[in-house]
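Please model the entire structure based on the sequences and the hints provided.
Protein chains: 2
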Amino acid sequence: MMIAIRKLDSAAPSFKAQLDAVLAFEASEDEAIDRAAAGILADVKARGDAAVLDYTNRFDKLDAASVAGLEIGKQELQAALSGLAPARRDALQTAADRVRAYHERQKRECGSDGFTYTEADGTVLGQKVTPLDRVGIYVPGGKAAYPSSVLMNAIPAKVAGVQEIIMVVPTPAGVKNELVLAAAAIAGVDRVFTIGGAQAVGALAHGTATIPQVDKIVGPGNAYVAAAKRRVFGIVGIDMIAGPSEILVICDGSTDPDWVAMDLFSQAEHDELAQSILLCPDAGYIARVEESINRQLPGMPRKEVIQTSLVNRGALVKVRDMEEACDIANAIAAEHLEISADNPQRWADRIRHAGAIFLGRFTSESLGDYCAGPNHVLPTSRTARFSSPLGVYDFQKRSSLIHVSEAGARTLGRIAAELAYGEGLQAHAGSAEYRFK
Amino acid sequence: MMIAIRKLDSAAPSFKAQLDAVLAFEASEDEAIDRAAAGILADVKARGDAAVLDYTNRFDKLDAASVAGLEIGKQELQAALSGLAPARRDALQTAADRVRAYHERQKRECGSDGFTYTEADGTVLGQKVTPLDRVGIYVPGGKAAYPSSVLMNAIPAKVAGVQEIIMVVPTPAGVKNELVLAAAAIAGVDRVFTIGGAQAVGALAHGTATIPQVDKIVGPGNAYVAAAKRRVFGIVGIDMIAGPSEILVICDGSTDPDWVAMDLFSQAEHDELAQSILLCPDAGYIARVEESINRQLPGMPRKEVIQTSLVNRGALVKVRDMEEACDIANAIAAEHLEISADNPQRWADRIRHAGAIFLGRFTSESLGDYCAGPNHVLPTSRTARFSSPLGVYDFQKRSSLIHVSEAGARTLGRIAAELAYGEGLQAHAGSAEYRFK
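Line by line, the protein sequences give chains C and B.
So for the first sequence, the UniProt record's numbering puts the first residue at 1; every next one is plus one.
So for the second sequence, the UniProt record's numbering puts the first residue at 1; every next one is plus one.
Some clues are possibly wrong.
The list treats identical chains as interchangeable, and a pair is accepted whether it falls inside one copy or across any two copies.
[Said to hold, decoys possible] Simulated pairs of lysine to aspartate or glutamate, EDC-like, Cα-Cα distance not exceeding 20 Å: (1) Lys303 <-> Glu433; (2) Lys128 <-> Asp349; (3) Lys303 <-> Glu423; (4) Lys128 <-> Glu104; (5) Lys16 <-> Asp321; (6) Lys128 <-> Glu109; (7) Lys45 <-> Glu26; (8) Lys16 <-> Glu323; (9) Lys176 <-> Asp113; (10) Lys45 <-> Asp20.
For the record, the hints were derived by calculation from the structure and aren't laboratory data.
Here it is as structure tokens:
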């Protein structure tokens, strides 16, 4: 079997148009889904627990008598953890420890202590950093429920100092995912409710008698969840709305082609819409990767998904040289960027836009998904041009500090009054002038 | 004249409900405005310059022949600056210098250098921080055009290292605001186009033949601009959608009541929907502030706006003590919080949620609006629970760095493979295993 994966050459006159066509992806905004989510949110806001219970029993085919009955106690979370096979439990624990260590480092390095400084006249300026009080984590039910996502969303919040983490996870037909519950126990999630969909987003955003209102909602979900999150943005904070997963591999042509082929598969297996692209200056190497793709594909359990993804959204791109590969990578601004090359730091220094950069031949992207330490929640769909991996900073916020001395009130007051009169705001001017007149 | 400003007492059984009623504010989401904005965005995306020109000529009553003709050159910006009265020019320059100094400090303190660290087996983990390439700043036309806002939006972007700042500002009937153009010159804005509304947002988000695509759009605008920004979020980054301005004053009862009354006016004069609230443990002092409000109001040029704001959305609140005032302030999470008291730091230490904290009797909020240094773009409508002042960090983003050593690929690979099998992702497992098998 030979699959028709697209091959492009950056020297072709039509290359830019071809690449744009490969990258083009528009999240379909379904008006019907958006209206349905809006209706559910309004109902949850108005009726609280009663609405959450109705939708949960209906959509997830449950017969709970109360929202309180949908809570999973800490004991059950601990039991899920104890029930895991030891190798899996150890792997989950080690992954959690490494994710925590990285985010603790990030907390120290990202200005979490705030700052103040004193000017010559005694005026003190600065910034105070505070954790959010309470955060909601949405975890999808069913197949897309990844325990690693529980760790990646909950641990940075804990490290930031969030006092309470409320997790919601739907359990269609009552089926619970023990790995997800175990991950919640390891990550230190405080409360878990088996609710999902727009009704869970509404409960977290507005609060109900049973479910406390949170300050921010993070975590991936289906189209209803995404629509509901967009709508509650402003009442609570939200993380980015994630698009399909992406990998971009820059290879100098010296990595085992089987490794690179498998790295491309590892994104493609997520989802038919996932995107895997290889950039390489060596046409012979690209041919070897293509051969490897075709040879290895039949052995993959998720081969249909991989094939659809590679054929519809993948590409093998011959570039002029590694410098051009870096330029193209900046234009693509991929979620995951592998630099599978000698002296990878040299090329990483040229990269301005990527969610995470995996350097060197031994750093498969999948290590980052689970246990390297940095977060696996990353900007997709070119949003790495302006946004960042989920981090401790997403669970903190800043307040400016301004303490003007009596002398400072005189010098600053004159400036402020002058500009306030220029803007026609006399009370602003008067308020400044009182302090020095 | 006695205005009917609301007086509340935290000891009253109905206090919480009364306070909630005062705070309640829902941004009206007008479906007609949202649909109109969506139509304009789609047209700008499809027709580019031609659509921008049509809407600008129609809505702003211009007769420009091309979008290029709507650009204001650097020479005209410099001329606007040179044309200012010297006192005003100096005030604007000093304000800009102070805003720049604060944000340079913020850049140094907020982890802008990124970090890396090396583990025992040689694996390197870290984070790279990069500025956004290009940013768009929306500046409203007409009365709401504040030169201080140009400084507050453009300077942090410049300090962050953004390469190009594109400012858009509508000029209805061709009227330009010289102070705004002068502020653009001082702040180092690179290009200015006299366009506004949803068409300007669309041009910045999608790019046209004349107007370059940006990576993020910041700055306040009317309902059409806000709707358009919400819709392009994801294609570009956006800042918060700002609500009405708010001030909360905590006073121990020893500040000149005229000062506090004028501070309340300074928010109220912005807008009928602005909110001014005083918390004080001293009923006698509250009466003196109320007397001062009524005495000073008739002398204010914007007295109608102030009165409407104070009557509809203001409150003078008697609290039990300063500790309770801090608790209430945390629940309100105000945009601007003044702590007008002895030893204000003692009370600031208790504050978890506020956009900016103004400490001490000499720190009028208006100093922060213009020239203290910290940003005046602050979270409103209780969003200080989860968001921050505009800052250098809004114009930077982070990329994770992962460089796993050969030894690290073995230990991490085993963990990743174990968890990948648990999630049913065999290519993830295979990709990790290739590196150690």
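- Task: Classify it for me, lysine 128 with glutamate 104: is the Cα-Cα distance of at most 20 Å met within a copy, between copies, both or neither?
- Result: Both, since 18 Å and 16 Å are each at most 20 Å.
- Task: First find the shortest C-alpha distance between lysine 128 and glutamate 109 inside one copy, then the shortest across copies, and answer within, between, both or neither for a cut-off of 20 Å.
- Result: Both. Shortest intra-copy (15 Å) and inter-copy (12 Å) distances satisfy the 20 Å Cα cut-off.
- Query: Between lysine 45 and glutamate 26, at a C-alpha cutoff of 20 Å, which is it: within one copy, between copies, both, or neither?
  - Reply: between (31 Å within a copy, 13 Å between copies)
- Could you figure out if lysine 16 and glutamate 323 sit no more than 20 Å apart (CA to CA) within one copy, between two copies, both or neither? Within one copy only: 16 Å inside a chain, 62 Å across chains, cut-off 20 Å.
- Query: At most 20 Å between C-alpha atoms: does lysine 128 with aspartate 349 qualify within a copy, between copies, both, or neither?
  - Reply: between (32 Å within a copy, 9 Å between copies)
- Intra/inter-copy verdict for lysine 303 and glutamate 423 if alpha-carbon distance must be at most 20 Å: Cα proximity of lysine 303 and glutamate 423: across copies only (16 Å, versus 64 Å in one copy).
- Task: State whether the alpha carbon distance between lysine 16 and aspartate 321 is at most 20 Å within one copy, between copies, both, or neither.
- Result: within (16 Å within a copy, 66 Å between copies)
- How would you label the pair lysine 176, aspartate 113 (within, between, both, or neither) given a Cα cut-off of 20 Å? neither (40 Å within a copy, 43 Å between copies)
- Message: At most 20 Å between CA atoms: does that hold for lysine 45 and aspartate 20 within a copy, between copies, both, or neither?
- Response: between (42 Å within a copy, 16 Å between copies)
- Query: How would you label the pair lysine 303, glutamate 433 (within, between, both, or neither) given a Cα cut-off of 20 Å?
  - Reply: Answer is between: at 18 Å across copies they meet the 20 Å cutoff, but 73 Å inside does not.
Violated hint for the displayed structure: number 9, the only one.
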